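In the order they appear, the protein sequences are chains Z and H. Counted the way this note's numbering counts, the first sequence spans residues 125 to 665. Counted the way this note's numbering counts, the second sequence spans residues 125 to 665.
Simulated from the structure, these hints should not be mistaken for lab results. Any given hint could be a false lead.
In this list, chains with the same sequence are indistinguishable; a pair is considered to hold if it fits within one copy or across any two.
Derived EDC-like pairs (lysine to aspartate or glutamate); straight-line CA-CA distance at most 20 Å [as the list claims (entries may be wrong)]: (1) K431 x D617; (2) K250 x D393; (3) K256 x D393; (4) K646 x E656; (5) K536 x E642; (6) K591 x E537; (7) K635 x D545; (8) K182 x E656; (9) K591 x E656; (10) K361 x D545; (11) K536 x E273.
If you're wondering where the values come from, they're calculated on a predicted model, not measured in any experiment.
Protein chains: 2
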Amino acid sequence: MVATNATGTAVSTATQFPRYKAYQKLSRLAEQPFDMTAEGAITPQRVASLVSNACGYKFLYATERVTPEVMEALKQLADEAQAVDKMHRMQAGEVLNFIEGYPSENRPVLHTAMRDFFDDPITAPKAAEAAKLAAAEHAKLKKFIEQVEAQKKYTDLVAVAIGGSDLGPKALYLALQHLRRPGHRVHFVSNIDPDAMAQVLRDVDLAKTLVVVVSKSGSTLETVSNESFLRERFAAKGLDANKQFISVTGKGSPMDDPSRYLECFYMWDYVGGRFSGTSMGGALTLAFAYGYDVLWEVLKGAHAMDKTARNNDLKTNLPLLGALLDIWNHNFLGHPTLAFVPYSECLFRFPAHIQQVVMESNGKRIDKHGRSLDFDSGPIVWGEPGTSAQHSFYQLIHQGTDPVPLELVGFKESAYGQDLDVQGTTSQEKLLANLFAQALALATGKKSDNPNKVFPGNRPSHILLGKQLTPFALGALFAYVEHKVVFEGFIWDINSFDQEGVQLGKVLANKILALFPERRAKKIPSSFPVGEAFLNHLEGL
Amino acid sequence: MVATNATGTAVSTATQFPRYKAYQKLSRLAEQPFDMTAEGAITPQRVASLVSNACGYKFLYATERVTPEVMEALKQLADEAQAVDKMHRMQAGEVLNFIEGYPSENRPVLHTAMRDFFDDPITAPKAAEAAKLAAAEHAKLKKFIEQVEAQKKYTDLVAVAIGGSDLGPKALYLALQHLRRPGHRVHFVSNIDPDAMAQVLRDVDLAKTLVVVVSKSGSTLETVSNESFLRERFAAKGLDANKQFISVTGKGSPMDDPSRYLECFYMWDYVGGRFSGTSMGGALTLAFAYGYDVLWEVLKGAHAMDKTARNNDLKTNLPLLGALLDIWNHNFLGHPTLAFVPYSECLFRFPAHIQQVVMESNGKRIDKHGRSLDFDSGPIVWGEPGTSAQHSFYQLIHQGTDPVPLELVGFKESAYGQDLDVQGTTSQEKLLANLFAQALALATGKKSDNPNKVFPGNRPSHILLGKQLTPFALGALFAYVEHKVVFEGFIWDINSFDQEGVQLGKVLANKILALFPERRAKKIPSSFPVGEAFLNHLEGL
Numbered sequence: 125m126v127a128t129n130a131t132g133t134a135v136s137t138a139t140q141f142p143r144y145k146a147y148q149k150l151s152r153l154a155e156q157p158f159d160m161t162a163e164g165a166i167t168p169q170r171v172a173s174l175v176s177n178a179c180g181y182k183f184l185y186a187t188e189r190v191t192p193e194v195m196e197a198l199k200q201l202a203d204e205a206q207a208v209d210k211m212h213r214m215q216a217g218e219v220l221n222f223i224e225g226y227p228s229e230n231r232p233v234l235h236t237a238m239r240d241f242f243d244d245p246i247t248a249p250k251a252a253e254a255a256k257l258a259a260a261e262h263a264k265l266k267k268f269i270e271q272v273e274a275q276k277k278y279t280d281l282v283a284v285a286i287g288g289s290d291l292g293p294k295a296l297y298l299a300l301q302h303l304r305r306p307g308h309r310v311h312f313v314s315n316i317d318p319d320a321m322a323q324v325l326r327d328v329d330l331a332k333t334l335v336v337v338v339s340k341s342g343s344t345l346e347t348v349s350n351e352s353f354l355r356e357r358f359a360a361k362g363l364d365a366n367k368q369f370i371s372v373t374g375k376g377s378p379m380d381d382p383s384r385y386l387e388c389f390y391m392w393d394y395v396g397g398r399f400s401g402t403s404m405g406g407a408l409t410l411a412f413a414y415g416y417d418v419l420w421e422v423l424k425g426a427h428a429m430d431k432t433a434r435n436n437d438l439k440t441n442l443p444l445l446g447a448l449l450d451i452w453n454h455n456f457l458g459h460p461t462l463a464f465v466p467y468s469e470c471l472f473r474f475p476a477h478i479q480q481v482v483m484e485s486n487g488k489r490i491d492k493h494g495r496s497l498d499f500d501s502g503p504i505v506w507g508e509p510g511t512s513a514q515h516s517f518y519q520l521i522h523q524g525t526d527p528v529p530l531e532l533v534g535f536k537e538s539a540y541g542q543d544l545d546v547q548g549t550t551s552q553e554k555l556l557a558n559l560f561a562q563a564l565a566l567a568t569g570k571k572s573d574n575p576n577k578v579f580p581g582n583r584p585s586h587i588l589l590g591k592q593l594t595p596f597a598l599g600a601l602f603a604y605v606e607h608k609v610v611f612e613g614f615i616w617d618i619n620s621f622d623q624e625g626v627q628l629g630k631v632l633a634n635k636i637l638a639l640f641p642e643r644r645a646k647k648i649p650s651s652f653p654v655g656e657a658f659l660n661h662l663e664g665l
Numbered sequence: 125m126v127a128t129n130a131t132g133t134a135v136s137t138a139t140q141f142p143r144y145k146a147y148q149k150l151s152r153l154a155e156q157p158f159d160m161t162a163e164g165a166i167t168p169q170r171v172a173s174l175v176s177n178a179c180g181y182k183f184l185y186a187t188e189r190v191t192p193e194v195m196e197a198l199k200q201l202a203d204e205a206q207a208v209d210k211m212h213r214m215q216a217g218e219v220l221n222f223i224e225g226y227p228s229e230n231r232p233v234l235h236t237a238m239r240d241f242f243d244d245p246i247t248a249p250k251a252a253e254a255a256k257l258a259a260a261e262h263a264k265l266k267k268f269i270e271q272v273e274a275q276k277k278y279t280d281l282v283a284v285a286i287g288g289s290d291l292g293p294k295a296l297y298l299a300l301q302h303l304r305r306p307g308h309r310v311h312f313v314s315n316i317d318p319d320a321m322a323q324v325l326r327d328v329d330l331a332k333t334l335v336v337v338v339s340k341s342g343s344t345l346e347t348v349s350n351e352s353f354l355r356e357r358f359a360a361k362g363l364d365a366n367k368q369f370i371s372v373t374g375k376g377s378p379m380d381d382p383s384r385y386l387e388c389f390y391m392w393d394y395v396g397g398r399f400s401g402t403s404m405g406g407a408l409t410l411a412f413a414y415g416y417d418v419l420w421e422v423l424k425g426a427h428a429m430d431k432t433a434r435n436n437d438l439k440t441n442l443p444l445l446g447a448l449l450d451i452w453n454h455n456f457l458g459h460p461t462l463a464f465v466p467y468s469e470c471l472f473r474f475p476a477h478i479q480q481v482v483m484e485s486n487g488k489r490i491d492k493h494g495r496s497l498d499f500d501s502g503p504i505v506w507g508e509p510g511t512s513a514q515h516s517f518y519q520l521i522h523q524g525t526d527p528v529p530l531e532l533v534g535f536k537e538s539a540y541g542q543d544l545d546v547q548g549t550t551s552q553e554k555l556l557a558n559l560f561a562q563a564l565a566l567a568t569g570k571k572s573d574n575p576n577k578v579f580p581g582n583r584p585s586h587i588l589l590g591k592q593l594t595p596f597a598l599g600a601l602f603a604y605v606e607h608k609v610v611f612e613g614f615i616w617d618i619n620s621f622d623q624e625g626v627q628l629g630k631v632l633a634n635k636i637l638a639l640f641p642e643r644r645a646k647k648i649p650s651s652f653p654v655g656e657a658f659l660n661h662l663e664g665l
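Bound-form chain Z, shown alone (with noise of 0.2 Å):
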C-alpha cells in the first residue's frame, strides 16, 4: 500500500505485521484450527510432550489450539519480526522507544539493567552503565534498610504512587505476605480519592511512619497531592516530615531534594513506570517489609528470565512461546480479551498489575513508523484467582458466546506450608485438581441431549506450573509478564514504551478543575461551558 503525504511524497501506508510470510500461513492454519474437542485430541502423550521449561517454571500448553504446523509458523513469525534480536538489542540499551519521523521519547528501554548484577551480565556499554548506576542505589538501598533496621523507631512505611509505580510493587509485596515480619507493615496509597489516603491514615502511627514517594517526574498530579496531604498531616502532628519521607524520582526532578527527603533513591527515563517494579520504586518497599536478602532472590530471579528471554528457543524462552500463543489467539483465532488466572491467593493482585503492564504497553493504534495498524493490538487482560475465580466468570468462559483464552499459574507446594488433609487429599491437591481440571475441561467440552448442558469446548488455556511461590520464583514470573509484552509489541512492530494516550484526559481534567474555583468566585462566563455542564449535575444530588 502506497499513499502520497500533503507534498506529493509517495508515504507506505502498509504496517508490516500482516505482511509476513508467517502471517499468511497461519492465516490459513487459523482457517481450521485444532479440533480439541475431537476424540483422543487430547492424549497423556500431548500433555506430556507440550511442555517447554525455564527458570524452574514448566510452560505446559496441550490445551492450546496448535498444531506442529502452528507452533513452526508462530516461530517462523518471530524470526521474520527479528522478535530475539530486538530483545539483545534492548537488553543492550539500543534506543527502541521511539515513532519514526516523528517527535517521541526517543530513549533506550533498560529495565532489564536493573537487575543486571548477577551471572552474565550485559556488557553493551548503556547496558553496562545503566547497570552500575543501578548498583550504587542498591549499595545506598542495603546501607538505608540497615539503618532503619538499627534505629528500630519504623513500625510501618506507606507507598506514595500511582500507575505502574504502585500496581508492579504492589503485587510483589503482596505476593510475598508470607514472609511478613512483626513492625514492617507496608501500605500503598495512588488514588487521588480522599478515601484511599483516609483509610491508611486511619492505620499508621505518624511518628512510626516512613514514607516512600515515588515520581520519575517529581510532578504527577495524584501523587503530589497524595505527598502534600501527608505532609500537612505530619505537621498537624508536629512532626517533621522532611526527616521520614524518602523520594524515589528522576535526576534533577523536583522531588530530588535532600533538604525535603531523608534519603533520595533514583529513577532514569530509560525505565517506564509499569516497568519499575524492580527498580528503585519496588525495591524500597520489598526490602523494607521482607529485608534486603529477599528483594535480591526477586531480582535474581528476574535476572534469570532476562537471560532466557534472549534464547532463540521456544523450549526455553517461555516469555516468547507465551507471547506467540497470545498472538495465534488474539490476531488469528480472534479473542479480543485474555484473562489471567493464577491459582495462588498469593498472586491476587498480580492480574492488575499484568493488565497495566499489557494495556499500557500494547494498547495502541499506531506502528513504530506512526502507521494505522490494520490488525488488532494489544488485548484486554483481567483475572481473578482461582478456584474462586471458578465461581465467578468461568459459566462465561465455559459456556459463553466470547471464548477467553487462559493464562493459569499454579505451584505444587503453598508458600505458607500449612494445609489439612480433608477426605483424603489435601487442599494444595485440591487446587492443582482444579487447576489442570478446568484446562481439560475448557479443550474438550462436552456434549449432551440437553442444551443447557452442553460445553462447546475447544477454549484455549496453558499453564505455568512452578514448585512454589519464593521470591526467586516470582521474580521470574513478574520478568516473564514483562518480556511476554515486549515481545508483542515487537512482533506487532509497535511502539510498546510510550503512553501517549493518557495525555488528553490530563489536559480535559485541569480545564474541569479549574471551574472549582471559578464556581466559588461567581466569575462568569464559564471558561468551559461543557465541563461546567458536568459540575453542574453536582447541584441538587
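Given chain Z, work out where chain H should sit, using these hints.
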C-alpha cells in the same frame, strides 16, 4: 428458521432477540451511530439534558453514542421484550429460572423479597411469603447481634464462602470501611488455596473469633474443606467450634444442624448465590461489622432500586436504561467487553462482584427454549477504581484498537469526609474533574498531525453520580447492578439464574483429585491417564 428434530417434528431454531422489530431498527441505526467527535456534538445542552434520576443517583449519558431515535428504538426493544413486565413477574415470585422443555432448576427468583420490608410491599402470595420468611431471619439476626454485642467476647468474624456468597458480601463490607468500629474486624476465606486460610489464621485470635459458613447446599467443596480446616484449628487450640460457628444455609442441608452451630440462618433456593448479598449471606457480615442499623439502611436502598426497576420509564428506571445502553454498545456497536470504573476507592472490589453477577448470569449460549444463540450474550466485565485506572489501562481505552464502553460511578462528597486543599482545589474536586474529563475525552477525541497524539474518540461511557456513598446509596447501587443484569437477560431471552457451565470442571476436578491418593497407593494403571499426564508434570519441579 425451522428445523426438524430426531423424530421429524418441526422445531423452531429461531431465537427471539434478533427478531424484534426494534432490533432491525437498531441494526440500521448502528450503521451510522452518533458521531461524538463532530464539532459541537457534545454541547452543554446535551450534557444537561441526557440524564435520568432515581434513588439519589443521576445517570448521565451524554457521552453515549445515542440519538433520540436510538433511545426510542431501545425503549421499543424493552417493550417488545416485555422487560418491565417480566421484572414485575420476577418480583412477584413467578417461576422464571427455567429452560423450556428441558430439566432445569424451575423456580422463582426472589432476591428482591429479601429486602421487601419497607413501603409498597409486594402482595403477590409467593413474594409476600418469601419476605415474611426473610423477616423472621432478620428478627433472629437482630437478636443474635445484640447478644454478640452484649457478650463483648468477639473481635473478629471469619466469613467462609465462595462465589456470589463471597464477592457480594465482600464488596458491600469493603465499601463501608469508613464506618468501621474497633473490635469488629471481618476476614473472608473463599479459595481452596491453603494460603488463603493461612493468611487469615495468622491475623486472628481464634478464642475471640466468630466463624460464619455460607453454603446453600451445605456441600460446596471449597467451603466445606475450609470449614474443616478451621474446625481443626479450633480443636487444636482446645476451643469448641460448635459454640463459635454459625451457618447460613438451606433448610435441611448438612449445615442446618444446631448441634454443630451456635445458630443456623436460612437461605432459600429462590435466591441465587450471586443475588444473595442482601440475604443472610451478606447481612450477617454487615450487621456484625457495622451494626444492624447500617445493614437496614443498605436494604432500604436496595428496596428503593427494586421499586424503581418496576417503572416503565427510562427517566427513572436506571437499571433498564443501563441495560439498554449496554446492549446498544455490545450487540449493535460490537464492543465485546464493558469496564466498570468507580471513581471511589471504597468501591475497590465492586468490579469483581459485578464481574461475577454479569458473567455468571448472562454468560450463556442458549435461550430460554434451549436454542443456540445467534447473537452475543453477556459481555466480559472488568475494572479497577479511577483515577488509578487512568494510569493503568486507560491508554488502551483511549488509543487501543478495541474500544471499551465504561460504566463510571462517582460521588459529590467523600465517604470519610477528610480532605485537603492543594493548589486551590480539594482531592475530591480533582477526583470529580478527572471523572468528567475522561468521559468527555473518550467521547470527543482529538485530532493531531502527529499520529501518536491522535485520539479517535467515539468511545462511549456513562456516569452514575451520587451525593455520597452512604449505606442507602450503596444498597441502591448494589440492586442497580442486579436489575441491570436481569433486564439484559430478559431482553436476550436467556435464563440469567442458573449456572450449568460450572459443572463439567467440577466433575473433572474430582476425577483428577482421586489420582492423588491413587498415586500414593502406587495404583496402576491410572483411572484417568490424561489427568495423570498433568500430575506427572509436578515431578521434577
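Now for the hints, and whether the structure bears them out:
1. K431 x D617: Neither. Shortest intra-copy (22 Å) and inter-copy (53 Å) distances fail the 20 Å Cα cut-off.
2. K250 x D393: within (13 Å within a copy, 66 Å between copies)
3. K256 x D393: within (15 Å within a copy, 64 Å between copies)
4. K646 x E656: So K646 and E656 pass the 20 Å test inside one copy only (12 Å; across, 74 Å).
5. K536 x E642: between (60 Å within a copy, 17 Å between copies)
6. K591 x E537: Classified as within; 6 Å inside a copy, 48 Å across copies.
7. K635 x D545: Intra 60 Å, inter 17 Å, cutoff 20 Å: inter-copy only.
8. K182 x E656: between (56 Å within a copy, 16 Å between copies)
9. K591 x E656: between (57 Å within a copy, 18 Å between copies)
10. K361 x D545: between (51 Å within a copy, 18 Å between copies)
11. K536 x E273: Result: close neither inside a copy nor across copies, 34 Å intra and 43 Å inter.
In terms of the numbered hints stated before, the structure departs from hints 1, 11, listed from lowest to highest.
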